[in-house]
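Engineer: Chains as they are written, first to last, in my numbering: chain A, 13 to 129; chain B, 6 to 117.
Hint data in this document are derived by calculation from the structure and do not stem from the laboratory. One should not assume that every hint holds.
Derived list of chain A stretches under chain B, where covered just means 3 residues or more per stretch with a C-beta under 8 angstroms from a C-beta of chain B [as the list claims (entries may be wrong)]:
| no. | segment |
| --- | --- |
| 1 | 45 to 58 |
| 2 | 61 to 75 |
| 3 | 120 to 126 |
For every residue, glycine included, the Cβ atom is placed at its ideal position computed from N, Cα and C.
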Amino acid sequence: KAGVTQTPRYLIKTRGQQVTLSCSPISGHRSVSWYQQTPGQGLQFLFEYFSETQRNKGNFPGRFSGRQFSNSRSEMNVSTLELGDSALYLCASSSLGLAGILQETQYFGPGTRLLVL
Amino acid sequence: KQEVTQIPAALSVPEGENLVLNCSFTDSAIYNLQWFRQDPGKGLTSLLLIQSSQREQTSGRLNASLDKSSGRSTLYIAASQPGDSATYLCADYGGATNKLIFGTGTLLAVQP
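Only chain A is shown next, with the shape it has when bound in the complex (with noise of 0.2 angstroms):
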């Protein structure tokens, strides 16, 4: 079974600029999150979409959204990119239990180094 896939590995932009990253999960997998990594700031939760519909969201601004496919899919977009944006951006998918728990492990790509200049 093929791991979750992320594209581009590396990425090098500049203030102003927009991006959008690319994530496939494992197939099967219907629920795609989102996390930023920064060393000042650790792991933070960006969003997470289920079915096309984003579930959930982390406090991070307008700037940053994403979507989710009919195939599961998902692409996360940032405008305007800020010099505060270079992070690594992971992607995680899973398969949810009932009522939508995560009841086993996410599994995660291994993200897309975003560099601002």
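Place chain B on chain A using the hints.
Structural biologist: Just chain B, lined up with the frame of chain A:
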């Protein structure tokens, strides 16, 4: 508010030593607690998941415990090896929030 704290932030031990990593959480409605490992520049690898109804889980040289009443979890690594060197993260999944909240991690170095 869900908060997760890990102590110590960094730990260096000689090979062969047994060690314990600590994780504290404030979520009284925790659904499960997970331990992950992260190698430099890489994604996360799941180690153990403990449901709120369980007290511990074991996998090989790893044993994780969960005490909901005190809001604590520990990860015990037996007979540490240089290959265990990595950052270890615990994460609280709150059933009320459906969010996985991570601790700041413990950077472990096992010296050969």
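Engineer: With reference to the structure, classify each hint as holding or not holding.
Structural biologist: Hints and how they fare:
| no. | hint | result |
| --- | --- | --- |
| 1 | 45 to 58 | holds (count 6) |
| 2 | 61 to 75 | holds (count 3) |
| 3 | 120 to 126 | holds (count 5) |
When held up to the earlier numbered hints, the structure conflicts with none and fits them all.
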